[in-house]
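Let's have the full structure, built from the sequences with the hints guiding it.
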Amino acid sequence: MKEEIIIAGFGGQGVLSMGKILAYSGVMQDLEVSWMPSYGPEMRGGTANVTVILSDSRISSPILHEFDTAIILNQQSMDKFEEQVKPGGILLYDGNGITRHPERKDINIYRVDAAEEAAKMHSTKTFNMIVLGAYLKINEVVKMDNVLKGLKSSLPERHHHLLPLNEKAITRGMEIVSEVEV
Amino acid sequence: MKELKLMKGNEAIAEAAIRCGTDGYFGYPITPQSEIMETLMAQQPWNTTGMVVLQAESEVASINMVYGGAGCGKKVMTSSSSPGVSLMQEGLSYMAGCELPCVVVNVVRGGPGLGTIQPAQSDYFQSVKGGGHGDYKLITLAPASVQEMADFVELAFELAFKYRNPALILSDGVIGQMMEKVELQPQQPRMTEEELIEKYGSWATTGKTADRERNIITSVELASEEMEAFNYKLQAKYKAVEENEVRYENYMCDDAEYLLVAYGSSARICQKSVEIAREKGIKAGLLRPITLFPFPTKPIQDIAKHVKGILSVEMSAGQMVEDVKLAVNGSVSVEHFGRFGGIIPSPDEVVKALESNFIEG
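In order, the protein sequence lines correspond to chains R and X. Position 80 of the first sequence, counted from 1, bears residue number 80 in our numbering, the numbering being contiguous throughout. Position 316 of the second sequence, counted from 1, bears residue number 498 in our numbering, the numbering being contiguous throughout.
Bear in mind the hints are in silico, worked out from the structure with no lab data behind them. Just so you know, not all the hints are guaranteed correct.
Claimed, not checked - In the EDC-like style, the derived pairs of lysine to aspartate or glutamate whose C-alpha atoms are separated by at most 16 Å in a straight line are:
#1 Lys2/R - Glu457/X
#2 Lys490/X - Asp436/X
#3 Lys363/X - Asp56/R
#4 Lys187/X - Glu32/R
#5 Lys143/R - Glu3/R
#6 Lys490/X - Glu537/X
#7 Lys415/X - Glu403/X
#8 Lys363/X - Glu32/R
#9 Lys480/X - Glu424/X
#10 Lys490/X - Glu517/X
#11 Lys86/R - Asp530/X
#12 Lys363/X - Asp30/R
#13 Lys187/X - Asp30/R
Claimed, not checked - In silico contact screen, one side only, chain X against chain R (beta carbon under 8 Å); selected entries:
#14 Leu188
#15 Pro214
#16 Gln359
#17 Met361
#18 Glu362
#19 Lys363
#20 Ile451
#21 Gln453
#22 Ser528
#23 Asp530
Stated by the list, open to error - Not close to chain R: a few residues of chain X, all C-beta gaps over 10 Å, as computed:
#24 Gly232
#25 Pro294
#26 Gln367
#27 Ala405
We put the CB at the ideal spot given by N, CA and C, even for glycine.
Next comes the structure, spelled out in structure tokens:
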């Protein structure tokens, strides 16, 4: 088993921390993991992306130019990463702010309106967990109990009271994700 | 008990430094390695092991604090990234000239000048060919994973003390910033003065006791004959390092027809390139130097006997390729492929370079 994932969006959307939770969940499931951020002068509002690899064998390159799954959270990332999904792979995106929707017919496309849902939940910060839930529904790379364990170890203890809210957001994401026919 | 954690390469350096009983860290922040000092400051080891962590006023000050600490026989280290490490070259030359141990971590970014903050491997020459003035070498280790970032701190200290010479961990922004699983060693106590003397001899300036001669640490010697004799001694030491300390890793080299040579993050990328090439029916293998000085000359020579071509892959304009060429001495064609200035090559690009250099036409 090997899953190569790119998560891309704006800085401040929780792209890096979503990747971190996924990576931690992988550790809990006894997988090999790598988490490679696009670090740089990016900050809130700029672009941010992270490559996460989960594998049951040794991971070679942490840097990739082709992915099993692309989780795309803004238009710039759509323009850049839609073409980098392997044929037969997964593209999951949030429709918010997307002006040109994905067009490829050789991949599986899913949409989750996480920004909208987070607003409904009165907690915009749960956005990335809704997206994570949507992804786990499509592809259960890590089991839910390992995700919860991963969430717990990646969050500092002072934020542990937020664990139930995050779990709720993950569940909500699982419920609202839908496949898109191109 | 060993602990399994998920952390960045930079954080692993800091955690390992505390756990292997480092006496002092002196540094100045610079991207992409600032997490090293940040982690040390957050851990506050001065409250537990007594390790000193100090933010100096500059890189020049950092390396001179290291110089002073090393002169007292302490396990001391610093870390920086390319422009900062350039500033440390004078201090490193002095420490090599004084035969003092220390560990320096360079998390390389693109240059020259202030360059970029993105990863590069363009400090190879500076690292393995001396860097500062005079005939000296740095024992240079090139980690390719977060685990090796942790493990090489203690290894670098061991080698530095064994040979009484500065040791360098040559990393880059990829290995520094990425997170992987890492197994940390249990906490070791810091070395006492008695243990230092027992293990490595009495050379440190710790205060003269009645029963021994004065220890003098200096790199100046105005009599040329004496200076030449000292240089012979240094060269004999570097020869011993070359004979005893070469470390490398082979990946699918046994039946390889084409050899990739790459270190650090490039080696990780090339491992994937080997997989891609093999799927295409190209028998590629990878030799990953773990020590860059001493360079794995002999292992490359051995593999060169049965390959049709060697591609040296670096995030530079072509530096290590010169050592690969020296190793094979014309017996087989050696080419270079690299991206630089902060651009990281993709595994596919490497395979294409292999094909265009050796297979097509």
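How the hints compare with the structure:
no., hint, result
1, Lys2/R - Glu457/X, "holds, 14 Å"
2, Lys490/X - Asp436/X, "holds, 13 Å"
3, Lys363/X - Asp56/R, "holds, 13 Å"
4, Lys187/X - Glu32/R, "holds, 12 Å"
5, Lys143/R - Glu3/R, "holds, 14 Å"
6, Lys490/X - Glu537/X, "holds, 12 Å"
7, Lys415/X - Glu403/X, "holds, 14 Å"
8, Lys363/X - Glu32/R, "holds, 7 Å"
9, Lys480/X - Glu424/X, "holds, 10 Å"
10, Lys490/X - Glu517/X, "holds, 12 Å"
11, Lys86/R - Asp530/X, "holds, 14 Å"
12, Lys363/X - Asp30/R, "holds, 10 Å"
13, Lys187/X - Asp30/R, "holds, 12 Å"
14, Leu188, "holds, 5 Å"
15, Pro214, "holds, 6 Å"
16, Gln359, "holds, 5 Å"
17, Met361, "holds, 4 Å"
18, Glu362, "holds, 5 Å"
19, Lys363, "holds, 6 Å"
20, Ile451, "holds, 5 Å"
21, Gln453, "holds, 4 Å"
22, Ser528, "holds, 4 Å"
23, Asp530, "holds, 6 Å"
24, Gly232, "holds, 27 Å"
25, Pro294, "holds, 19 Å"
26, Gln367, "holds, 19 Å"
27, Ala405, "holds, 51 Å"
Hint check: no violations occur; every hint is consistent with the structure.
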